[in-house]
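Take a look at the letters that make up each chain.
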Amino acid sequence: MGKEHSIELRNVTKTYKRDEFTIPVLTDLDLVVPEGEFLALMGPSGSGKTTLLNLIAGLDNATQGSVIVHGQDLGGMSDGEITRWRSENVGFIFQLYNLIPVLTAFENVELPLLLTNLSKRKRRDNVMTALRAVGLEGREDHYPRQLSGGQEQRVAIARAIVTDPFLLVADEPTGDLDRKSAEEILSLLQQLNKGFNKTIVMVTHDPEAAQRASRLLHLDKGKLVHDEVRNNLEEGVASS
Amino acid sequence: MKFLHYVLRNARRSPVRSLLTIGAMSMCLALMMILISFLSVNDAVASSLRTYNRLVVMSSQGFAQPVPFARVNEIAGMKGVKHTTTFAWFGGKYHDEPMPFAQFGVSADSIFSIYDEFTISPDQVKAFADDKMGCVIGRKLAEERNIKIGDPLPLKGDIYPLDLNLTVRGVYDGPGTRDLRMCFFHWDFLNEELKRVSKNSKMTDNAGVVVVKCDSADRMVPLSKEIDNLYLNSATPTRTQTEEAFNQMFAEMFGDLRGMIRTIGLAVVMSLIFVSGNAMAMALRERTTEIAVLKAMGFQRPLVVNLVLTEAILVAFIGGLIGALGTKAFFDVVDLSKHSGGFLPFFFVPWPTAILGLGASLVIGFFSGIFPALAAARLSVINGLRKVV
Amino acid sequence: MIPLKYNVRNLRVRWVNTLLTMLGTGAIVWSSCILFGLVEGLQHSMKVSGDPLDVIVMRKGSTSETNSGIELTTAEKIPTLPGIARDEKGRPLAALELLNIPVVERVDGSRTNLIIRGIDPVSTELRPDFKILEGQGRMLEPGKGECVVSKNLAKRFKGASLGSELKVGEREKYRVVGIFSAGGSAAESEIWVDRKELEQNTAREGITSSVQVRANSAEDLAALKQTIENDTQFKLAAISESAYFADQSRSSAFLIVAGTIIAVLLTIGAMFAAANTMYAAIRSRTREIGTMRALGFSRFDLLISFLGESVILCTLGGLLGLAATIPLSALTYGTSNFNTFSEVTINFRFGPIVMAVAFVMTLAMGVFGGLFPAIRAVRMDVITALREV
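Protein chains in written order, with this note's numbering: chain A, 1 to 240; chain B, 1001 to 1389; chain C, 2001 to 2389.
Do not rely on the hints blindly, as some may be mistaken.
Derived lysine-lysine pairs resembling DSSO-like cross-links, with alpha carbons at most 27 Å apart [said to hold, decoys possible]:
hint	chain 1	residue 1	chain 2	residue 2
1	B	1195	C	2196
2	A	120	B	1195
3	C	2225	B	1093
4	B	1156	B	1002
5	B	1093	C	2196
6	C	2196	C	2060
7	B	1156	C	2060
8	C	2089	C	2196
Chain B regions said to be covered by chain A (calculated; three or more residues, Cβ under 8 Å) [what the hints assert, rightly or not]:
hint	segment
9	1003–1016
10	1287–1293
11	1298–1307
12	1379–1386
No lab work stands behind these hints: they were computed from the structure. In this text, a Cβ means the ideal position worked out from N, Cα and C, and glycines have one as well.
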């Protein structure tokens, strides 16, 4: 086990305490996400999909069970270690993009690189590569408010991939976009998955978005209710 | 620092808030500078007197007690003494205005040799020496009251039962740390007049205090002991101290006012910590999601603390620059002493005080930023992100 | 009108910001009130010092007792004049008094001029509520080298406590036999000794500073003043005590000016702070403001509501600052009276001036601090405001 399965959840239970009530969010969940998979998480509100995403991304700790990524148990790490781990291994994409409004597109993408020891010149190269990958060269000096929603999300994706993490987590990445922009973003994610072998875990409400994934997972009341691997679909959509 | 441009942009993100914080900071620090300078000017001036090798001989029973005139010449004959002069406070009214400026009865021959930092043309010194009823006044006094050489300067006695109708024979100038509003007249003239009008011999032949110019700094301490020992068993014992210590004595008279000014200064610093801390906390509350994103991205807690602290210190420091250096520049241009009605001979913000103000702004910045910074570092990423979704 | 309850609730919800703003403005009100408490104390002491039937006789031309000097032979004629009140023993209530201002050390080692008053036996009856404190010794007996010290000075000066020896100079020492109070009047900044002894100790035989006189009635007072002032031989001035002390309280002008500068600068600083809090309050309530406008509240309603909130916020801080000044009432401050260059002790007094200062400051910072944020809230477009997240 381990190496070939990039992400493995064993018996994961997550509960929250609200006053004296204990609210279960995930119960006894087992899941293996192999490296290079594009996983879509679906389910009604409160089904636990964002919590599952947070666990995989190393933002949250499981109450019981373990989350093992690349053979490393995330539960056993200190806050400093897990933060460092995230900076090296995970790229984040949010519904509302969450770009820093006071920074330009270039500076937003550069932000995670500032945590590394790369030289200024090398950082510049990487940022430009990432911006080119999302099709935004020439926009590097624009501020977020000067960009459209779809462009903002592409900057966010560039920011997510600039450190070359193996895992991208996306929470409703198309939830705030019009159909056309959403399609572009999804194609971009597919391309990153196929062309660069990024593992992607995406939470979505949108069935059409879910179609782009290579695997579809339905959650309800903290349990996996449906698991579907869709091997051949992505070629068809990509070519359309 | 790689993150400086991010910190700078954050500080500018809400210009109104930053400007208001800077405004509060600079106003309050300006006040602090004024209050502290009020004390530190005295210290700065007292210590600047060190190089002139002057001693002041007063009665050991205080200013109200006389120092007999004979001592001026006795001391002049002592080893290591260059010159001596009487320095008798007249305290007269000018056109019925009580305590308008300081007036001293001096020895016209030696006064400007003793106070050699004062500049005055030799012609004027001679004109003053030649006119028994003449006087020399400071440049600022001449300018502010538009008194010219040759003008009359009538002084009405308050302590002494006589009036002096003097004529201005010269105007002296000098460094900014010296009182340029004094009036020097002939002590001999005062004494003659006193002998004429008063049957009471107690008032006459009083030198006031004796100012002694020494050959060298080394002679000052032994000489003061020699003088005091000489008169210890006389009817009027003396207390001799350096001019610096003598001036320091006046600063000490402020008494509890000094402590109070420090208390007010501290209260102002506390207030500014609350005020800018509040502004910083409000700024960060509006940026909760952003901080959560940074932390998700891999920004470690110490880095988050640093970013917030740097921002807080930066804003405070700008306030400090305006408040401390601005106040210094302001009083370098505007002469407050002119408007103090003779109460302050000089007023400026000494450099150490301005630096202290800058230092205070850094301290305020640190304490105003540290709690919001720690709160930001402790912020749960999940809660921070949830705010938006 | 929008009920105030709404603003109070909002202040409670944002309690951290409210508290920080309160502490910030509170410290500012506090530090401004300190000096005004002293102004109030000083003015109070000058007010109680003047009895309407008392006059102070000084040399014509002198503005204060410390500057005055009268020949003893002249002064001794004053108690024989008609119209002077008498005590139970039939002694005229007219006291010759001699002042000396030696330089003495405070307990902390700093130096200042201190008034030592040589008194006549009836002097005690000419001061309001003069009494030796219970269990704190007795009145001095003439000719025995004794002194009585005011309760304020006893703890502040070296050798001024009961039973110790107050050493003024090589030749001037007094044993402290009693501690007195004098109803908060100016006498509480003095040390009293026998006049004849002081004359000898300071080699001023034949001189007195002033004569304190109490007239039988207002008519006698006027006649007495006439007699004294019109006598060409005397060359004296008789000033009613209330006028004399009103003039002496001129020295509080300095405190008033300093206090006003402090209050004005700090109030501006506090306005910025209040404005900052209000801007943030309004920014976080954009949607609410839109809703209220949609519900039909007018722009004016909103303006008043937010101004009210700002005033409440600052009032809370002002009350906090004012409350913090109350404990200072127990304190006595010593500083120089800049009319006489001698130590004056001031009891901090919490009264109408302090309250008025706090009130004006609070109102100013509340109204001006709240004005611009409130205007911004009012000018917001309803539709955009409602759309705000």
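A quick look at each hint next to the structure:
For the given pair, residue 1195 (chain B) sits about 25 Å from residue 2196 (chain C) by alpha-carbon distance, which is consistent with the 27 Å threshold. Proximity of residue 120 (chain A) to residue 1195 (chain B) is assessed by CA-CA distance (about 88 Å); at most 27 Å being required, the pair is judged violated. With a C-alpha separation of about 24 Å, the suggested pair residue 2225 (chain C) and residue 1093 (chain B) falls inside the 27 Å cut-off, and the hint holds. A distance of roughly 71 Å separates the Cα atoms of residue 1156 (chain B) and residue 1002 (chain B); the hinted pair therefore is violated under the 27 Å criterion.
At most 27 Å may separate the alpha-carbon atoms for a hinted pair to count; residue 1093 (chain B) and residue 2196 (chain C) exceed this at roughly 31 Å. Straight-line distance between C-alpha atoms of residue 2196 (chain C) and residue 2060 (chain C) comes to about 24 Å, which keeps the hinted pair within the 27 Å bound. Of the pairs offered as hints, the one joining residue 1156 (chain B) and residue 2060 (chain C) holds, with about 11 Å between alpha carbons and a cut-off of 27 Å not exceeded. For the hint pairing residue 2089 (chain C) with residue 2196 (chain C), the CA-to-CA distance comes to about 22 Å; that is within 27 Å, so the pair holds.
With a threshold of 8 Å between beta carbons, the proposed coverage of the segment 1003–1016 of chain B by chain A holds, since 7 of its residues qualify and at least three are required. With 3 residues having a Cβ less than 8 Å from any Cβ of chain A, the segment 1287–1293 of chain B passes the three-residue criterion, so the hint holds. For a cut-off of 8 Å, the count of residues in the segment 1298–1307 of chain B with a CB near a CB of chain A stands at 5, and the three-residue condition holds. Three residues within the 8 Å Cβ limit are the bar, and the segment 1379–1386 of chain B against chain A gives 3, so the coverage statement holds.
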